[in-house]
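> Residues per chain, in single letters:
There are 2 protein chains.
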Amino acid sequence: MGDMQEKNLNTISFEACQELDARDSLGQFRSQFDLPEHTCYLDGNSLGALPKATLPRVQQVVQQEWGRDLISSWNKHGWWDAQQRVGDKIALIIGAGPGEVLVADSTSVNLFKTVAAALQLNPGKVVVSERANFPTDLYMLEGLIKHLGRGYKLRLVDSPEDLFEAIDSDVSVAVLTHVSYRTGCMLDMAATTAHAHARGALVVWDLAHSAGAVHVDLTGADVDFAVGCGYKFLNGGPGAPAFLYVAKRLQDKVQQPLTGWFGHAKPFAFEPSFEAAPGIQRFQCGTPPIISLAALEVGVDLMLQAPLPAIRDKSVALGCLFWRLMEQECSQLGFRLASPAAPAQRGSQICFAHPEGYAIMQALIELGVVGDFRAPDILRFGFAPLYVRYVDVWEAVQGLKLVMQERLWDQPVHRKRAAVT
Amino acid sequence: MGDMQEKNLNTISFEACQELDARDSLGQFRSQFDLPEHTCYLDGNSLGALPKATLPRVQQVVQQEWGRDLISSWNKHGWWDAQQRVGDKIALIIGAGPGEVLVADSTSVNLFKTVAAALQLNPGKVVVSERANFPTDLYMLEGLIKHLGRGYKLRLVDSPEDLFEAIDSDVSVAVLTHVSYRTGCMLDMAATTAHAHARGALVVWDLAHSAGAVHVDLTGADVDFAVGCGYKFLNGGPGAPAFLYVAKRLQDKVQQPLTGWFGHAKPFAFEPSFEAAPGIQRFQCGTPPIISLAALEVGVDLMLQAPLPAIRDKSVALGCLFWRLMEQECSQLGFRLASPAAPAQRGSQICFAHPEGYAIMQALIELGVVGDFRAPDILRFGFAPLYVRYVDVWEAVQGLKLVMQERLWDQPVHRKRAAVT
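Protein chains in written order, with my numbering: chain A, 1 to 421; chain B, 1001 to 1421.
No lab work stands behind these hints, which were simulated from the structure alone. We treat Cβ as the ideally placed atom computed from N, Cα and C, and that holds for glycine. There's no promise every hint is true.
[Stated by the list, open to error] Far from chain A by the CB rule (all over 10 Å, computed), these chain B residues: (1) 1012; (2) 1023; (3) 1099; (4) 1163; (5) 1187; (6) 1305.
[What the hints assert, rightly or not] Quick list of simulated restraints, FRET-style, between CB atoms: (7) B:1092 <-> A:158: 45 to 51 Å; (8) B:1092 <-> A:155: 45 to 51 Å; (9) B:1169 <-> A:222: 49 to 55 Å; (10) A:219 <-> B:1355: 46 to 52 Å; (11) A:162 <-> B:1271: 18 to 24 Å; (12) A:366 <-> B:1122: 49 to 55 Å; (13) A:162 <-> B:1150: 30 to 36 Å; (14) A:366 <-> B:1150: 50 to 56 Å; (15) B:1150 <-> A:155: 22 to 28 Å; (16) B:1092 <-> A:190: 49 to 55 Å; (17) A:305 <-> B:1015: 56 to 62 Å; (18) B:1038 <-> A:27: 45 to 51 Å.
Turn these sequences into a full structure, and let the hints steer you where they fit.
Given below as structure tokens:
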């Protein structure tokens, strides 16, 4: 009887998870999302969920603004200013000032723009990044360096521990992702930026897995440039326009190479020569996709209703719960924690490695628990604090246990799919 | 009596315009657009009108695909292939083959990609364009050349007549707009391309004002590269994603510099090095804005229901009618034709110059006739054959006559606005 009580004290129950939800200060936000029933969605770090306010807003943009007011909407409905308006809202989420953030293009294109701008400021010929960085960032660096053809070298480090050593005085720019897409490992933005500055290097931070999920203070960390993604934790919709940040102190010193008319000082003067707009606007290029941009704004507005510290606190709590439940329910099933154990070093996701990871995730998704798989063996679970409940974490771990105990992953369909991946 | 009859024979009446509409083989298409009442919209060359099918499709993408199926929609609902699928549809409109057109980014970014790719193929150090080209094209060339810093020179010609002479054997690439945004002047694509090829130069054509409006035969003209716009005659919605074309024979010989993960041969292998996808896919870069892309597809699908020759024929007929009515109704009011007189040298717009152009257009828009103004003195009227009626042309000219005869343009509000432009 004493033993059982002790077990109960240490064991997390479904009821305990329900209790956590009942006390959750962000609990009311879930009702503002349109989530599928019978689905436990832990992939908001890949594609955020649909806010209920998005559909009416998109309808309004299509029907009223485009359909009724047509071309006049560029002024009448603020299409012209939308990139800067939504940028200023995102600035509030990532600790930047007004006029420092812009919504534009894709993360990849914004990386090109910011790194190209950064390279103008520094004589160094080395660009540092992590080999485990999100591949598109590496691909864009490769493309940029090849295109420039001025002897720039890409120096890739194999581990975050090697970063400081790699950022030496030969380095022009370090291009780093704050939270790893694969492991959730979070770098120390302030310390890394300070180290780079001390060596005369600039840093471009990729905030794809940070914005709206973890504490980001670009001003406090004296960050030079950053880029990020609208369709993950900001819930901006599939392929939502991305954002970029340029510190005020640098904006008028640099010119990015994609000098389109939206970055011109007087775009409607139709002058044949380019004159860069002052401030962040010079990082705009072509005409932005207004419908997708309107959807992004809804996601950002919704996030701004929540206190940012509460978002981070709940993210940590969800991650810790997931890990503890995995230890409690699945400790003998071959999973290895692939994320940092310390919450302070982790973004809003938990990853476990398993040799059968791909087939396991397929089987899990069929049970209605949606995470995702990243090669070679990572099962990735993201926690979007605005709509993920503690009971979802419970369900996810129970699902994983069932998949393993019943060997649901070991079915021809999953095997077959795994073989072609 | 004889005089009157002769006058009537030469005079175009409102009834004659109605008669033209009644016989219009494209007449039924107008009902497939959601146009504002009491508006005569002649600005589809700036922002195309809203197809009725767009709203339900966008609702479906938001509610069902994003909201219900979430991340699985990348495969399940063809998001992953959308850029190439819609590209293949646009190919049918511009005389290109399957796998030669891609929807991606903005026109400006696509110009950067295609010109950068073209420069790799040719040793020449000169890039030719027209000083009257749409400014963003010139700005992008300026940015690209500065960024490359390898001694490239931009040679701008002042008149289309000087083009052939300017495209000499020093030229690497000519970047030309098929139909001028300002005057509607249309270049001879086949002859110019052949001339450039004979001098060892490549041509990048900007089809922003051509696609969906005039006859374009990229294959027949042996075109190398092209870019174009989704939000004008293709009715893809505000800031719709743009498109680009690369001739099959060139695709695997070049690599554009914006090497994002959507252009990788195996994007989900997450390899640290870039390996270009075969074919047109290597011209993709980052994640595309799916909601805006879905809206574009509706506009393209609608256009594909109409026979392309009928579109061009009606475009010419609308333009000729406008000009004739201007001569009939407004010949003494100070307007000067600013477009080529010959229909074969004109895109789907007619422009008139007037020193008070800005204020006149403001007053005209207040009457419900929407054209637009381009500095310094151009009143621009675009004819989108799928929804513009012959009676709209009548109304537009009557509106212009009223604005002039009643001096509606000479009111403080229009004066004031003109002063700040």
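> Look at each hint and say if it fits the structure.
Hints versus structure:
1. Against the 10 Å criterion, residue 1012 (chain B) stays outside the reach of chain A, whose nearest CB is about 27 Å from its own CB.
2. Its beta-carbon lying about 28 Å from the closest one in chain A, residue 1023 (chain B) satisfies the requirement of being farther than 10 Å from that chain.
3. Consistency note on residue 1099 (chain B): stated as away from chain A, and its beta-carbon is indeed over 10 Å from all of that chain's, at 22 Å minimum.
4. Non-interface call for residue 1163 (chain B) relative to chain A: holds, since the shortest CB-CB distance, roughly 16 Å, exceeds 10 Å.
5. The non-interface label for residue 1187 (chain B) is consistent with chain A: the shortest C-beta to C-beta separation is roughly 18 Å, beyond 10 Å.
6. Residue 1305 (chain B), annotated as away from the interface, keeps every beta carbon of chain A farther than 10 Å; the closest lies near 20 Å.
7. A hinted range of 45 to 51 Å for the beta carbons of residue 1092 (chain B) and residue 158 (chain A) is consistent with their spacing of about 48 Å.
8. Between residue 1092 (chain B) and residue 155 (chain A) the beta carbon distance is about 47 Å. The supplied range of 45 to 51 Å therefore holds.
9. The hint said 49 to 55 Å for the Cβ distance between residue 1169 (chain B) and residue 222 (chain A), and at roughly 52 Å that hint holds.
10. Between residue 219 (chain A) and residue 1355 (chain B) the C-beta distance comes to about 50 Å, which sits within the given range of 46 to 52 Å.
11. Between residue 162 (chain A) and residue 1271 (chain B), the C-beta spacing of about 20 Å keeps the proposed range 18 to 24 Å intact.
12. At roughly 53 Å, the beta carbons of residue 366 (chain A) and residue 1122 (chain B) sit within the given window of 49 to 55 Å.
13. Checked against the hint of 30 to 36 Å, the C-beta distance between residue 162 (chain A) and residue 1150 (chain B) comes to roughly 34 Å, which is consistent with it.
14. Against the hinted window of 50 to 56 Å, the Cβ-Cβ separation of residue 366 (chain A) and residue 1150 (chain B) comes to about 54 Å, which satisfies the hint.
15. A hinted range of 22 to 28 Å holds for the C-beta pair residue 1150 (chain B) and residue 155 (chain A), which are about 24 Å apart.
16. Our hint of 49 to 55 Å for residue 1092 (chain B) and residue 190 (chain A) holds, since their Cβ atoms are close to 54 Å apart.
17. For residue 305 (chain A) and residue 1015 (chain B), the Cβ-Cβ distance of about 59 Å falls inside the hinted range of 56 to 62 Å, so the restraint holds.
18. Between residue 1038 (chain B) and residue 27 (chain A) the Cβ separation comes to about 49 Å, which falls inside the hinted range of 45 to 51 Å.
No hint from the list above goes unmet by this structure.
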